[in-house]
Amino acid sequence: MTALTLARQLLDSTRRHVENSTDPYVISRFGDLQIRVDVAAALFERAETHPGPVALTEAQIAAAEALIAASNAEFELTGQRTALPSSLDDPLRTKYQIVGNYHLNGVL
Amino acid sequence: MSAHPQHPAHIIRSDAEAIEVATRLAKRFAVEASARDRERRLPVAELDEFSASGLWGITIPKAYGGAGVSYVTVAEVIKLISAADPSLGQIPQNHLGVVDILLQTATEAQKRYYFGKVLQGYRFGNAFSEAKSKNAGTFDTQIRFHGDTAQINGEKFYCTGALFAHLVPTVGNNEDGQAFIAFVERDAPGLNVIDNWDGFGQRTTASGGVTLDGVSVPLSAVIPAHLAFDQPTANGPISQIIQAAVDTGIAVGALEQAKIYARQARPWIDSQQDHGWQDPFTIAAIGDLEWRVHGTEAILAKAGEAVDRALAEPGEDSVAHASLVVAQAKVLSAETALLASSKLFELAGTRSVTGKHNLDRFWRNARTHTLHDPARWKYHLIGNYVLNGVKPARHAWN
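As you go down the protein sequences, you meet chains Y and D in turn.
According to UniProt numbering, the first sequence is numbered sequentially starting from 1.
According to UniProt numbering, the second sequence is numbered sequentially starting from 1.
If we strip away everything but chain D, and leave its shape as in the complex, we get:
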């Protein structure tokens, strides 16, 4: 992967244009989504098309030349793409999170520089998570400052997007345990992106490892990312709403297939009907899935509005409220994606498990992506606010 995009990206000007472009791209991405999954064929050409469409720059504020779309729109865009191919929906999730961390913590010059790059079509990957550190929020990777450069050493995993990125934002801690993000060029000496993601779902996200061995960047390529959580900002909810949008997309895609295959299913012998779609229990089960998917979409939109408010007026209360509504979207999208992708087989019958249909990709993708952070703690987060008035902890998973 070169450190520069091959072609300059289109610049999207409005929320409506973003939705229109995403709808068009989703149709194209859907065509070979199953084949890419089956062959674990990485979506290199599709990603070039995706970022060249301008959709990776829609959150850049108008003051910096972007469209500054609402997070209702961002969630809708990611949902549309994920309904077609959730691996493609997931790949920009850290890119979009990083755009916001820049907005929250970078200097004016850094914002102008990196936002300019994104509008030209540069893609950020990520080297954030570590498989061996104590928990998701701790980092063994070190960043050390010497004069006007910073050195990074460490080992990362779950680095979605890094393989396809032009710049790899990398989290490391300084001596005091504060997290910084260094923007490392994809072809920088010492940066090694390892294509070793072998998960059974989200197979073409290339969410594998990154090693950093004495990687050196100028200070101008480092931002004090910890500030995004030391103070109340929308960054945690932004990170999370994109997760919820991917899973909502999987639910939408699975329900669509459930209806197609349920329409073709043979009637069950005891139903005494001529067609599977006349089965009263099938009909009721589709009714149940429909309201759940629509409810998930409705809460996802409310989460987008809450994120927009937290961005416009950051504060303890607005950020806590955004975390709460986004947590609802996380719970519902995880539940609905898993339910729809499982019910799909029940309603379509045994023939739907035939390998050629590859319909299991919906469940595999739902199960894999919903593990990003456990929904069980989201019920707790919401309940602790409702019962005890305790605001959610501020980090990238709330």
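Chain Y on its own, in the form it takes in the complex:
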């Protein structure tokens, strides 16, 4: 399962937990999370046609950050945390370097 799909699932299950909330802080928190998921989806779509060699990596960063945000919200709002898949074979921290080195230095 991709990070973005999992982020959406976590949001869905967390949403059911707090459905019809009138708490302005819970409401705005969900607005924030929705943006993180949607921006990742928009970047994956962009990567399909964008000629830049790191466009897909940028989308992967957005999705990973959306997943972390969704997982934190799940824990905060439900007291539970769904286990996330291991990212050891594809570490997030190296992706910022890949994207940055291309845009700053033209190095791939």
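Short derived list, chain D residues pointing at chain Y, Cβ under 8 Å:
| # | residue |
| --- | --- |
| 1 | R263 |
| 2 | A284 |
| 3 | I299 |
| 4 | V331 |
| 5 | L381 |
Each pair of labels, with its calculated beta carbon distance range:
| # | chain 1 | residue 1 | chain 2 | residue 2 | range |
| --- | --- | --- | --- | --- | --- |
| 6 | Y | S13 | D | R376 | 21 to 29 Å |
| 7 | Y | T94 | D | K27 | 34 to 42 Å |
| 8 | Y | D90 | D | R38 | 45 to 53 Å |
| 9 | D | E256 | Y | P24 | 36 to 44 Å |
| 10 | Y | E48 | D | P61 | 27 to 35 Å |
| 11 | D | R38 | Y | G52 | 33 to 41 Å |
| 12 | D | A35 | Y | D12 | 50 to 58 Å |
| 13 | Y | P24 | D | Q264 | 41 to 49 Å |
| 14 | D | A312 | Y | Q80 | 42 to 50 Å |
| 15 | Y | D90 | D | G355 | 43 to 51 Å |
Think of the hints as simulated: they come from the structure by calculation, not from any bench.
Quantities reported herein were computed from a predicted structural model and do not represent experimental measurements.
Note that beta-carbon positions come from the ideal geometry of N, C-alpha and C, so glycine has one too.
Given chain Y's structure and the hints, the job is docking chain D onto it.
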């Protein structure tokens, strides 16, 4: 400022031409953007060039002689200009909003008349907001109808563009509290535009005051603007997407400078590198800014598509959807503009704060322009739809 443009404007024919013209103008506007900011030198000649280029008429529908470009294109045009000089990007924001209010609420004769003027190069300013009314959506300015004329009395502020306008669309309420817009000639008796904008950012927008003292206009110069929100129309999202495009432009401009200066920065002593651009933390920080700026641009384009759908098929759902996507663009553009314009200094080092570079203009502009309406309520707007299915309120700020 005369009530007429000096030269007729070029008429742009397509989306591609609009982008091409904006790209060319942005290059020219970038050259003295910093000097204009530093000296608070109002961009009078630049605005003449901007409106004469035809870019102020691109949203006029084809049926009225314009190009009727998509709002994806409008957002891109404003972003390109704002990356060079966000004051110039901001000045047409109300003009473009007014073109749409005309489309939504004016009579056929008024549309033909005012769209014709815009295609000739006439610029609309605005006298909408008031600094002293209860909140952004309330107006103490009065419009009263007597026979075939209307009288307007009141005091306005944040009147971006009014100083440079040929016509000043002015909002006033009738006895029943309904908002109307009167198109007041720039040199009309009783209209006084005050050049008193002293904000620390967006310094050359001349977003100061306007007073209206017994200003009289014929009824043919008045439109029932409240209809644009009584019914679902794209006007709120149109107003907002231009705001988001200005802030996206600031983010793009700031990131561009961040890379230029980060490349020149000295290497930090502990990095044991020969050049600043080899610093692994600098590289990662640029990577973080890049995806955020590209994500903001991608959502801005999606917002443009949503606005186009709301324009083509106005209804409760299409307008709510446009407001939601535009709100995402607002949040992201505000976040990214503030982040990029601050990180710029972190990555470029202490020498970048030297006054001669004037790099603080990016942050000053981002901080100032993103205050137009608070992003914190946009998270709430989106969340309230996601969680509770509540559609956004319809007004000029959603």
